[in-house]
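Listed below are the residues making up each chain.
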Amino acid sequence: MSRESSATAWTYVIGVWAVVIVLGALAVVYEPPSRADLLPLAALLLLGVLARTLPDSVVSMSGDGVRFSFFGIVTLSAAVMVGPFGGAVVGVLPTLLQPVRMRAVRRVFNAGMFGVVGLVGGFAYLLAGGVDPLTVSGTGSVLLDIGLPLIVADLAQAATNALVLSGIMTVTARVPFWVHVRGLIASTGAAYIGYGVIAFLLVVLWGPGQIHWFSAALTTVPLLVAWWVFGQFGAELEAHERTTDTLVAALDVRHPGTAGHSQRIAILCDWIGESLRLSPRALTELHTAGLLHDMGLLAARRGTDDEILRHPETGVRMLAGISFAAPALPAIGAHHERVDGSGYPRGLMGPDIPLGARIVAVADAFDALTSGTPDVAALDPRDALSQLAADRGLDSNVVDALARAVDRHGVLEVSSTEWLSRARVGERARAEGESARSSMATIAAVLAAGRSTKSWIIRHDHPLDRLAP
Amino acid sequence: MTTMAWLVVLFLLIVVGESAHVRLAGRRGISPIASAAAVAFMLSLPHRPGVSGVVLVLGGVLAVAVASLVGTAIAEAAGIRTSSVDVLGRLTNAVVAGLLAQLVAVTGLERTMEPDGRDWIYAFALWLSALTAAAARAAVVAWWVSRSERRGYVSTVREEVATFGMLSLASATTAVMIVLSREAVGLWGPILFTLPLVLSIAAARRYAHTRQTYRETIAALSRLTDLAGYTTSHHARRVADLAVELGRRRGLSQREMDTLEYAALLHDLGQVALDQPIPGGATVLAAPRDQERIVQDGVGIMRHSGVLEPAAALLTRQAAPYRLMREEDERIPLEARIIKLTNAFDDFTGGSRDPGAVSVALERIQLGLGYEYDPELVDDLIDVVAPRARQRHP
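In the order they appear, the protein sequences are chains G and X. Position 342 of the first sequence, counted from 1, bears residue number 341 in numbering that gives the first Met the number 0, the numbering being contiguous throughout. Position 258 of the second sequence, counted from 1, bears residue number 257 in numbering that gives the first Met the number 0, the numbering being contiguous throughout.
What the hints contain is simulated information worked out from the structure, not anything from laboratory work. Among the hints, a few may not be true.
Claimed, not checked - Sample of chain X residues facing chain G (criterion: CB under 8 Å; computed from the structure): (1) 175; (2) 215; (3) 315.
As the list claims (entries may be wrong) - Examples of chain G residues lying across from chain X (beta carbon under 7 Å, computed): (4) 139; (5) 141; (6) 143; (7) 211; (8) 220; (9) 296; (10) 368.
Cβ atoms here follow ideal geometry from the backbone N, Cα and C, with glycine treated the same way.
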């Protein structure tokens, strides 16, 4: 991106830091840190550095990921234990020191944002009547004088996080501010509930529980375990997704060139599905159907036309037993059926053909026309679309949806070799990425989603990634 | 709040926690919440002069056993499969934690609730007790598993710790936090402090589910060559089952067995690149150069995934004859030798377990003994597929 938008980003970051400085000065004046705050501050700083040093556990599907980090818990605990100033220190320092390579603008922005979040949390706690946890005892008092104000501080931090992040997205990506705020609150709201609960546990054992710094040590253990389990989960998911790619790679060895075709069909299916406003679950099934629609061709050898005619059914048999592929099987088995009844293998008509199959058929035909063959030149997308519109075997609603999608997305280019080398590159890109919203539990969203492993795609890209280095 | 009410709440948490069961590695599971509640129960037993600590611990363990049985019955009635080894482990956990807590009390360490922060020493002692109890649990469970599955003790301990160690650690720590929260939040403690554990359990369940679908995908990959007409039906599955059996006899760890299984399942994948199938899909009958090519194509496909690398590395050596190891001192991994042998056996029998076919196959393998195949593995194979033949020719 241009130098201009980079300058805009810096201007915004400086604005964020101005807020940090003003609120920080207020904090020092009205709630000056005392010597008693030193121990909690040191312990939480240590915990913050740990949270920032461990790589986030990433659970990702197709490049979209959910991350697990417990930094939010640390800033909230600090805001409650040490006050606004302590919250800011714990938010800023570990973020600045984070041992991850990232661009300066992003590091400074993240630090500033967590500074504001810490300060706002600390003030919210005090304004809601929160008291120094070390002076509280008795269950009723613990819940009223620590618990409730802590919830208020938690909500304030969630809102601050959403507003500051949406701000940078608006100035760098020019997307309407409130759209972002709503999206962020929806995707991170559950995470902040988790932060609140765990920060409360830490504070309760520290103050009313009287075990002081050892509380931070104990609370960290289940968190580290959760972080580790999520890492395992993410790795297994990654392994699984990659293995699905292996199916496509096997077909490409048999019939070179099919990997790129499969990948393009999968993407076209995504586009059409989005245009038709399908549910996330249906989109996932459709993507699988697009990617694996030609698996049956693995059984086809040169000069065996009947095998080619049977390939939709052979594909279904090959994929039977893979639970994530099961919902996609009807679409795979019927992707050569035509709405006018001229297709194969069963000659189904109109609505008897599953929607997924009609979509794959359109995507398949579009890709064939725009890619061309050794004998036929490739068509321009416009011409291909008008040819599809004239084809009575294709569902005209789906063709219209494709036309809208092509208008929006432009031309799609994925070749087989490109796709086959994608695996490792994608992995690296993902490992380097870091989300300011690193949320311990967008996880809650993951866990709430159904059993389908592919249905919880949550976008977590950072707006500053889109700027040029 | 009385000690009695507190113990009753923990008792109920054991009962309910049993249903939050995590089944990992396909076979065994663990109920981390029930474990945490059981340890918290044992750590909360009141120490009174005049009452023998041992009697107290025995009574506590009895209560934990009853709670576990009730919890198991409820879980099973609700259709949740639990695991009896886990209950055995929990009782071990309870005994050791209870005894150590009594020991802590005898040394005079106690909860003071003084604001001087010195209570961390008491907290630390409880935590050590819970961790020791968790270690004892792993030792006993591994002993039981190694006995019932006839496997080496050390590899079973390693596997137990690798699979359940982290969840046990979280469980032990949660137990201590519950006990320490008692004075501050009372009965809220057992609910609030199990929440982080719930998170881990949910993630672990997801992990187990994903692992299952991952295995399904590999199984589907292994069937591709069957359905495309290159190999005989279920050849790869039979080779994998036999290979895993031989691997188990050699004391491979779970991770090594997984790799062996995946490699065995996918060893013929490279045949999809052939334009004409080999008769019967039997690579053992193919020319060595063709065998190598099939291997290379299969390995190439697997390497696209980037995650099947260990299995792919094994497969690069699957066609290597044993003599290279003997004569030229090359290292051929045990797993690769196992796959070579079990693949040959299944190709020779065509999948039949008919005694006639088995003995013909074994004879043909004997011809290549020491040259093509590892003699010790061949002995194991005979033990598995024709135990009586082995008795006749000792």
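Checked against the structure, which of the hints given earlier come out wrong?
3, 4, 6, 9, 10
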